[in-house]
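Peer 1: Given these sequences and hints, build the entire structure.
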Amino acid sequence: MKDRKYNNAKTENINELVRNKGNSFKNFISLFFAFSLVSILAVSTYAIVKLPANALVFSLFAGLSILFISFLVIKEFTQETIMIATLAIIGSFYFISCPFQMLPDENEHFLRAFEISTGRFFSKQLSSGQFGDILPKALGTRTGLLDWNNRSEMSFTNTAMYSFINYFPQSLGIFLVRIFTKNVAIIYYAGRLCNFLCAFALCMFAIKKMPFAKKILFITMLFPMTLQEMISMAPDALLNSLSFAFIAFVLHCAYRKEEIKQKDIVIIGILLILIALCKIVYLGALFLIYLIPNEKIKDEKEKKLLKFGIPLIAILLNMSFLIISMRILSSSKFYVTNSGEQIKFILLNPVRYILIFTKSVIYNAKRCIENCIGSSLGCYTIGNDSWLFFLVLVCYFTLTCNDIDVNIRKTDVIIYFLYVITEIGLIFSSEYIGYTAPGEPLISGVQGRYFIPLVGFFLIPIAYKNYFEHRSFGNMNSEKIQSSYLYIFGLVFNFYALVKVLLFLQSTR
Numbered sequence: 000m001k002d003r004k005y006n007n008a009k010t011e012n013i014n015e016l017v018r019n020k021g022n023s024f025k026n027f028i029s030l031f032f033a034f035s036l037v038s039i040l041a042v043s044t045y046a047i048v049k050l051p052a053n054a055l056v057f058s059l060f061a062g063l064s065i066l067f068i069s070f071l072v073i074k075e076f077t078q079e080t081i082m083i084a085t086l087a088i089i090g091s092f093y094f095i096s097c098p099f100q101m102l103p104d105e106n107e108h109f110l111r112a113f114e115i116s117t118g119r120f121f122s123k124q125l126s127s128g129q130f131g132d133i134l135p136k137a138l139g140t141r142t143g144l145l146d147w148n149n150r151s152e153m154s155f156t157n158t159a160m161y162s163f164i165n166y167f168p169q170s171l172g173i174f175l176v177r178i179f180t181k182n183v184a185i186i187y188y189a190g191r192l193c194n195f196l197c198a199f200a201l202c203m204f205a206i207k208k209m210p211f212a213k214k215i216l217f218i219t220m221l222f223p224m225t226l227q228e229m230i231s232m233a234p235d236a237l238l239n240s241l242s243f244a245f246i247a248f249v250l251h252c253a254y255r256k257e258e259i260k261q262k263d264i265v266i267i268g269i270l271l272i273l274i275a276l277c278k279i280v281y282l283g284a285l286f287l288i289y290l291i292p293n294e295k296i297k298d299e300k301e302k303k304l305l306k307f308g309i310p311l312i313a314i315l316l317n318m319s320f321l322i323i324s325m326r327i328l329s330s331s332k333f334y335v336t337n338s339g340e341q342i343k344f345i346l347l348n349p350v351r352y353i354l355i356f357t358k359s360v361i362y363n364a365k366r367c368i369e370n371c372i373g374s375s376l377g378c379y380t381i382g383n384d385s386w387l388f389f390l391v392l393v394c395y396f397t398l399t400c401n402d403i404d405v406n407i408r409k410t411d412v413i414i415y416f417l418y419v420i421t422e423i424g425l426i427f428s429s430e431y432i433g434y435t436a437p438g439e440p441l442i443s444g445v446q447g448r449y450f451i452p453l454v455g456f457f458l459i460p461i462a463y464k465n466y467f468e469h470r471s472f473g474n475m476n477s478e479k480i481q482s483s484y485l486y487i488f489g490l491v492f493n494f495y496a497l498v499k500v501l502l503f504l505q506s507t508r
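Going by numbering that gives the first Met the number 0, the first residue of the sequence shown is number 0, and it counts up by one from there.
These are calculated hints, taken from the structure and not from any lab test.
From a predicted model like this one, the values you see are computed outputs, not experimental measurements.
Cβ atoms here follow ideal geometry from the backbone N, Cα and C, with glycine treated the same way.
Hints are supplied without guarantee of correctness; some may be wrong.
[Unchecked claim] Dumping the calculated PhoX-like pairs for lysine-lysine here, alpha-carbon to alpha-carbon at most 20 Å:
#, residue 1, residue 2
1, 306, 256
2, 300, 262
3, 306, 262
[What the hints assert, rightly or not] If you anchor each label on the Cβ, the simulated ranges turn out as follows:
#, residue 1, residue 2, range
4, 410, 298, 21 to 27 Å
5, 299, 91, 43 to 49 Å
6, 437, 70, 55 to 61 Å
Peer 2: This is the structure:
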């Protein structure tokens with residue numbers, strides 16, 4: 000009799016839990032739908048007030064996008080699926096909304112990519128002393144048809160310094176479309192589209208492989224600045240996405256995989272070498288390889304290849320393109336600087352340079368954070384105050400992150416620190432050598448978008464510390480509900496940024 004009462008009480012408790020869970024879920028669904036509808040109305044109202052000509056179509060598709068993501072959340076699709084869908088949707092909006100040559104130096108990036116699509120991987124010095132190529136004149140216009148009989152010298156020294164690897168996606172798109180058309184606008188957008196698809200594919204890979212703190216990485220991908228670069232002709236699209244993929248895969252190998260296979264080493268090697276070839280200053284990524292414990296690599300030859308061979312190859316290739324870039328920079332005198340003198344100053348006056356470096360970091364910190372997120376879009380002429388909301392999202396999801404269920408060793412934290420400090424040092428030093436006039440008290444030319452690949456690694460140790468000191472707010476279930484709003488917030492804040500872009504374009508017509 001006692002057992003029967005116990006079983007009845009136990010059954011009643013289980014039923015009560017199920018009812019409570021069901022009620023909580025229903026409340027969440029109701030609240031989520033209400034929030035989604037309010038978001039749609041907010042975006043639509045703002046767009047209609049500011050952009051009456053474009054508002055109907057923009058609002059319609061923005062609303063449908065929010066409803067679609069809401070549907071995926073309610074149907075409990077996987078976190079990775081919802082993230083990829085959200086990124087695809089908002090990336091497509093940026094691609095359609097941002098017109099020809101809206102972004103900084105995009106025409107020069109286009110010319111460099113077009114040059115590479117013809118099989119010329121290295122630019123040549125022109126009669127003006129600048130570097131570029133002899134290309135069809137129509138490439139300098141927004142419209143027109145390619146005419147190889149009507150060519151002229153076109154200089155693009157600032158992009159000629161970049162290795163051809165930076166422009167592989169754009170060049171591939173341009174090459175394929177040139178077979179079918181001579182229309183410059185179509186060729187241009189084909190290069191853009193291929194660049195976007197390549198970056199998106201790498202971001203998909205990163206989202207799937209990231210073993211923890213996926214939301215921190217995902218928010219970085221949703222930054223208006225990241226998305227603007229992703230849909231452009233700029234090489235930052237490839238570099239940022241390669242960095243995301245490399246970081247995610249290294250962390251996956253270091254903390255999730257039981258044993259590192261030969262295939263994993265090949266993937267790590269390809270990603271690191273591509274990063275080293277894309278931009279000289281991101282060589283610090285090689286430190287991340289040492290997060291992978293030696294005991295996970297059984298074969299000694301493979302261990303030596305991963306820990307010594309691949310970093311050495313990356314360094315040598317990086318240095319080779321550094322020599323080419325320095326030669327172009329010194330020969331063209333494109334910038335008012337003297338690279339040789341700046342390098343000599345650093346070597347002979349390390350203490351003074353450290354003071355200049357420190358002052359420059361402090362002076363540029365606030366502006367770089369704003370610019371990294373996307374406070375100024377286009378050619379830094381389009382103000383976007385939604386960057387503040389993204390900053391709040393980053394801080395909130397860093398402090399509430401509670402999925403870092405691995406043991407991050409003290410040596411790992413040192414490697415994180417070395418990576419971030421090395422990258423900051425290389426970025427500022429490259430601007431000092433290449434773009435700062437001798438005698439200047441502060442380093443010039445530093446832009447916040449250069450630090451996009453570092454955001455995740457800067458925040459993960461903070462999230463880890465909060466998790467293991469039990470400072471994160473809520474449990475796994477509440478976090479799942481809260482993170483569902485991340486997708487809607489990401490869409491809404493980016494739609495707001497795009498309205499700012501469309502408003503600016505309307506005022507310049």
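Peer 1: Are the hints correct? Go through all of them and say.
Peer 2: Outcome of the hint check:
1. Note on residue 306 and residue 256: the hinted pairing holds, with a Cα-Cα distance of about 17 Å set against a maximum of 20 Å.
2. Taking the CA atoms of residue 300 and residue 262, the gap is about 14 Å. The hint holds against a cut of 20 Å.
3. Pair hint residue 306 plus residue 262 holds up; C-alpha atoms about 15 Å apart against a cutoff of 20 Å.
4. For residue 410 and residue 298, the hinted distance range of 21 to 27 Å is satisfied, since their beta carbons lie about 22 Å from each other.
5. For residue 299 paired with residue 91, a C-beta distance near 48 Å keeps the hint of 43 to 49 Å intact.
6. Roughly 59 Å separates the CB atoms of residue 437 and residue 70, a value that falls within the hinted 55 to 61 Å.
Violation of the numbered hints given earlier is absent; every hint is satisfied by the structure.
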